[in-house]
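Student: This is what each chain is made of:
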Amino acid sequence: MTGRRGIVLLLCAMPGVAACRDTPKARAAELQKIAAARKQDLALRLATVDANSDKAMPLAMWIMPAQLREISGLALTSRGTVLTHDDNSGRVSEIDPKTGILVKSFSLVGNQKEDFEAIAIAGNDIYLMASDGKLFRFREGSDGQQVQFILFDTGLRKQCEFESLTYEADSTRLVMACKRILDKQAPKDLVIYRMPLPLNRATFTLLHVPLQQVVGSNKWKGFRPSDMTIDPFTRNYVIIASHEKGLLVLTPDGDVVRSEPLPGDHQQPEGVAITRDSILLISDEANVKPAAITLYKWREQ
Amino acid sequence: MPVLREIIDVVTMRSDRPVRRLVAYYAIVAVVVAILAYFFPGEIARIAAKGLGDVPEGPTVLTDALASSPTASVSFGPGTLLDVTLTTVLILIGALVLILPVTWVYMSARPSGGQHNQNVVQTLIILPMVVAGIVFIVQNSLALAFSLAGVVGAVRFRTTLRDSRDLVYIFLSSVVGFAAGVQSLAVGAVISVVFNFVLIITWHYDYGRNMLMPTAAAQWSRPLQALASPTGDHQIPDRDLVLSLTPENAAALADRFKRVQKAVGSKKKKPRFDSILTITTDAVPEAQGRIEEVLERMTKRWSLDEIVTNVGKPSEIYYLMRTKKTIPRDVLLTAIHENAAGFIATVDLETSAPVEKKKKDEKNDGVTA
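So the sequences go chain by chain: Z and A. Quick note on numbering that gives the first Met the number 0: the first sequence kicks off at 0 and runs consecutively. Quick note on numbering that gives the first Met the number 0: the second sequence kicks off at 0 and runs consecutively.
Take the hints with a grain of salt, since some may be wrong.
The calculated label-pair distances, taken between Cβ atoms and stated as ranges, are [what the hints assert, rightly or not]:
id: 1; chain 1: A; residue 1: 6; chain 2: Z; residue 2: 144; range: 33 to 43 Å
id: 2; chain 1: Z; residue 1: 77; chain 2: A; residue 2: 145; range: 53 to 63 Å
id: 3; chain 1: A; residue 1: 38; chain 2: Z; residue 2: 31; range: 19 to 29 Å
id: 4; chain 1: A; residue 1: 36; chain 2: Z; residue 2: 77; range: 53 to 63 Å
id: 5; chain 1: Z; residue 1: 266; chain 2: A; residue 2: 66; range: 17 to 27 Å
Mimicking EDC-like on lysine to aspartate or glutamate, the simulated pairs with C-alpha atoms at most 20 Å apart in a straight line are [as the list claims (entries may be wrong)]:
id: 6; chain 1: Z; residue 1: 157; chain 2: Z; residue 2: 113
id: 7; chain 1: Z; residue 1: 38; chain 2: A; residue 2: 5
id: 8; chain 1: Z; residue 1: 32; chain 2: Z; residue 2: 113
id: 9; chain 1: Z; residue 1: 97; chain 2: A; residue 2: 63
Partial pick of chain Z residues on the chain A-facing surface, computed with a CB cut under 10 Å [what the hints assert, rightly or not]:
id: 10; residue: 142
id: 11; residue: 289
id: 12; residue: 292
id: 13; residue: 293
Note that these hints are calculated values from the structure, not bench results. Built from N, CA and C at the ideal position, the CB exists for glycine as well.
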């Protein structure tokens, strides 16, 4: 180690060697500086939004890197960061929404290629859901790691196409809203599957919400959920729909609290999460605009 | 390159054996990589095993689109301009380092008398770097991959390779390029090492040689016989054989014809020699002395035709000779084996007697019919 340090010091003595400034310690210090400045900015913007009471005013918009071009689901960690993933690959990234720092990325072993649509965290387990209802269960990995997973097939591929998944901690169950009902004879209601943990097909329950109640006074022709989350204050289901650019708040019993257009201007909203300090996060896939996570003040009415 | 050659010379104690030189080269590369990995573990892991996962990316500061002066995304792992440039340079150097020994093997391990194609050698060096560059750009982008297919589709490659083995080298070159492009040079290194050693070994032992197939000397015996025919029927030698000759081969063959014709004598005379003795040996002077003792005793006359010295595989000695009718072929070969035991690898005697016999038989058949 001494020899290594000696050579590094020797190199750093040479003028113009930029690598010397690029040490892990220097990087950490630089990151801390940026994070502190951004937190300060966010606090200022929050104060402005509170003063204006403008719900549609974004607090921040973090532009995603290339590997998250098709960003999809969002899931809040206990640390206040969010886990997100790309639509096509089983690669999970952790982002601090308050500082806009992509902390780390890890992937499922074997670089799984699926149509991944949503992510949820249940205790120490992370669930990544494919559009055909398959669930990949795994533990959080370190930066660059490939993690082992267990695959669970819900067997719902013939019933629904899915894009949303969340974990309801109170009842320890996963909740999945059906984006498109594949059975043409079935009524066009909003269908929500609830799956208690540990997963067992026999214990799945269904919640039907009439479409008329979901649409309410909006001019939507339907409601195709693209992601859902649990309101940390009311425990209500908060569901967004990419096609309708709509937001729906439901009680766990299926009563519609409100349905309204999403705040701001979103091209293709694919993920939603609400932090414990009342910040609504919405992720957008790259379309005309680049992929991004936008932050809003969350106000429960 | 002279420096590298000098280092390899020192390590191999100036041995010309290809296996030793290859081992020395890979050992030097391994030591250099180990040193670099000690001082720059992240960088080496990134180019050697990124495609295999388990490579940290480091935190990235994302751009805030709402900031009054939005800054570009700052990556604290790979992704900055410097990192991308450095990674590109490293993968290109890595590809070059892995393909260099392949070109040496390509140039050395040729079938006896065969010559390598310089164009292929240069292609082997350039191809992996081009492929690595393409793959590095295209990585994870379907749109770029389609664009590339369009561009490449416009450039047509229609080159016929003379030797099908050249194609394998080209494939290997592409594989090394791919490995470098997806930043998995560790895989490329293993493939390169295994390929080179397997190839050297198969070449050294002449693996897969069909025992029923005539040797190079036997292939030449027919045209030689036709040219030196005592009856004077100057039939055209095997057409395919002639067409497959390069100008260099044709010149060498012509030279050999001249020498043989001189040895055989002019037309309408009984040929001076009727057999070609082919010996392979690692100890040419010792084997030569022992064999010539036997030839002196057991043949009517003999003449040393050619000695082909090979590096890394046994050398070849060719004798022209006229056998004694009283000494059968097997007896002669046994005597050579006994006298030169331990000095020769193989011995083969090709004689024109069967051909003459066949001709006589054909003549008799014609008369009978």
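Student: Of the hints given before, which are not true for this structure?
Tutor: 2, 4, 7 and 8
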